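Colleague: Chains as they are written, first to last, in my numbering: chain A, 62 to 266; chain B, 12 to 344.
Treat the hints with caution; some may be incorrect.
[Said to hold, decoys possible] With the C-beta cut set under 7 Å, the calculated list includes, among others, these residues of chain A facing chain B:
no., residue
1, Met90
2, Gly94
3, Lys95
4, Phe104
5, Pro205
[Stated by the list, open to error] Below, computed lysine-lysine pairings styled on DSSO-like, alpha-carbon distance capped at 27 Å:
no., chain 1, residue 1, chain 2, residue 2
6, A, Lys95, B, Lys260
7, B, Lys224, A, Lys109
8, B, Lys341, A, Lys165
9, B, Lys341, A, Lys109
10, A, Lys248, B, Lys260
[To be verified] Covered by chain B, per the in silico footprint, the following chain A stretches (three or more residues, Cβ under 8 Å):
no., region
11, 174 to 186
12, 237 to 250
No lab work stands behind these hints: they were computed from the structure. If you're wondering where the values come from, they're calculated on a predicted model, not measured in any experiment. We put the beta carbon where it would ideally sit given N, CA and C, even for glycine.
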Amino acid sequence: MYLYPKWIRLWHVLNAVLFIVLIVTGISMQYTGKENSSYMVGFAKAVKWHNFAAVLLTLNYIIFVTGNIFTSNGRYYNISKENFFRELISQLKYYSLGMFRGEKHPFPVTEERKFNPLQKVTYVLAMYVAVPLLIISGIGLLLPEITITRFFGVSGLILTDILHITMGFFLSVFMVIHIYTCTLGAKPTSLFWGMISGYHRDDDH
Amino acid sequence: MKLSIFRILFIFSLVSISSAASSAGFRFKTEGSKVQDAISFVSPYAEDNQRCFKCHGQEKYEYTNATLGRQVRALMCSERIVRKAEFYQSNHKSFSCTDCHSSEYVNFPHPGELRMEQKFNCIDCHGGDEKFAQYHFEEIDSEYRQSTHFKLESDGFTCWKCHNPHSYKITVRNSENLKETIAYDNAICLNCHSDFSKFQLLTDKAEMNIIQKHDWLPNQSVHFANVRCIECHTKVNNNIPVSHQIRPKGEAVKLCNECHSKNSLLMASLYKFESKEQRRDGFFNGIILNGSYVIGANRNEYLNLLSLVIFAGVIVVIVIHIIFRIRKSKKTK
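Okay, chain A solo, but in the shape it has when bound (with noise of 0.2 Å):
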């Protein structure tokens, strides 16, 4: 079945490359000691490819919400509210005990319905509302000169800054999650190789 047309797959390799540098330099940036300054790629590096990185990965965003704005592929992100917590406590359910019974998936992927709906709630949780907050504030940081300055007596670069670190956070969570989740196909790496073929295996979840 094919599911993953070319855009989504080079978007995806292009997020991906850029989430891990950003990860990388964004610790390098956060955790650089006093005394270890060449700390995981060092302070100076890190501020410069996070900035690089981070203008791709925004005009990479773009191009995503515009994919899904004018193509097909915004369909799999659209939640229905009917059901929605039976089902996702359905796929939770499989995931911690139906895939060790050997039940079969309670949903399984069609041209209809890429995702589960557990993967449609974090998916849309990380796309729409974790990396637009990550942009936002990061872009704040970028030009700490258009970022309020006090937000309820508080610095509003702390909290552009707790914002972006947060997202961030959650977000190379939600990247390690998502990586061991595409093991769980018919074989570990088949999920993977459909993420590079285009073609998402039947028998494969």
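Given the coordinates of chain A, assemble chain B onto it according to the supplied hints.
Modeller: Okay, now just chain B, sitting in the frame of chain A:
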């Protein structure tokens, strides 16, 4: 779903813009009230000093020339001008002019030999005095003597080049607005280092461009507005309030993580006067009230711990999941 997300983003940006506008207004009010406080000071020597300010308070002065038998208007030498408003806001505002200058200056025309008058230096009054002991003026003086200013220009350079006795006011210890302090202190350096006509009075060096020299510094304007020149250009000395040992340019701080780290250099310099209570749990709390923010130095210990716990939790769940998968695949084999 998509529509509502865009709506949230739109509201978020509106809130940001309106907060920016209100915060700007707030700052304006604070500055206004400070000016009001400063001009309410009335010197006990106001009347005596006024005799000097009459001529020395502005660019031109008038006197009766007995030889010509008429009023003469003349230009005051810029070196001899003392702005009254600045003086009465300065540290020395409660002084009479004749506390430091000869009382013979009350006579006009001033006697010619008074021009040879030896001027006081900071240490002449502040040194060896119990009242000023806490500020360690002697150590400041010895630091200054090791500074590049003194080493390069020991004849031309004096305390007064940076601390004009007629206008200088201590800001960093008393100011509630750190930005104001930074701007005030940096203006002292820029007074010569960005004005070649003044700079060349003390050196034969070619004209320099501060902006160009600091090209390597990311977000240059933000750095200039948020830290003082001396943060990078002096050697920190914890015994004195403000370090006075200006280092040669090759020894200036250039490593980002000197400031952008947990034990930030700024803790020993710019943020030195924040109370210890404000500084508990590291950098974060001390600076949160200031509106300052330093990447890598502003760390919240609670958030750090929470993030480690969440991350470890995720890894544990994944490992348990893998173990169950391996057991299941062994069973099916």
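Colleague: Taking the hints in turn, state whether each one holds.
Modeller: Evaluation of the provided hints:
For the restraint placing Met90/A at the interface with chain B, the shortest Cβ-Cβ distance is roughly 5 Å, inside the 7 Å limit, so the hint holds. The closest approach between the C-beta of Gly94/A and any C-beta of chain B is roughly 5 Å, which is under the 7 Å cut-off, so the hint is satisfied. Nearest Cβ of chain B to the Cβ of Lys95/A: about 4 Å, under the 7 Å cut. The hint holds. A least Cβ separation of about 4 Å between Phe104/A and chain B falls short of the 7 Å threshold, and the interface hint therefore holds.
The beta carbon of Pro205/A is positioned within 7 Å of a beta carbon in chain B (closest approach about 5 Å), and the interface hint is therefore held. Straight-line distance between C-alpha atoms of Lys95/A and Lys260/B comes to about 21 Å, which keeps the hinted pair within the 27 Å bound. Between Lys224/B and Lys109/A the CA atoms are separated by roughly 19 Å; this keeps the pair inside 27 Å, and the hint holds. Distance hint between Lys341/B and Lys165/A is fulfilled; the C-alpha atoms sit about 19 Å from each other, no more than 27 Å.
A hinted pair counts as satisfied when its Cα atoms are at most 27 Å apart, and Lys341/B with Lys109/A does not qualify at roughly 49 Å. Using a Cα cut-off of 27 Å, the hinted pair Lys248/A and Lys260/B is violated, with the two alpha carbons roughly 62 Å apart. Counting residues of the region 174 to 186 of chain A whose beta carbon lies closer than 8 Å to any beta carbon of chain B gives 1, which falls below the threshold of three, so the coverage claim is violated. With a cut-off of 8 Å between beta carbons, the region 237 to 250 of chain A has 3 residues touching chain B; three or more are needed, and the interface restraint holds.
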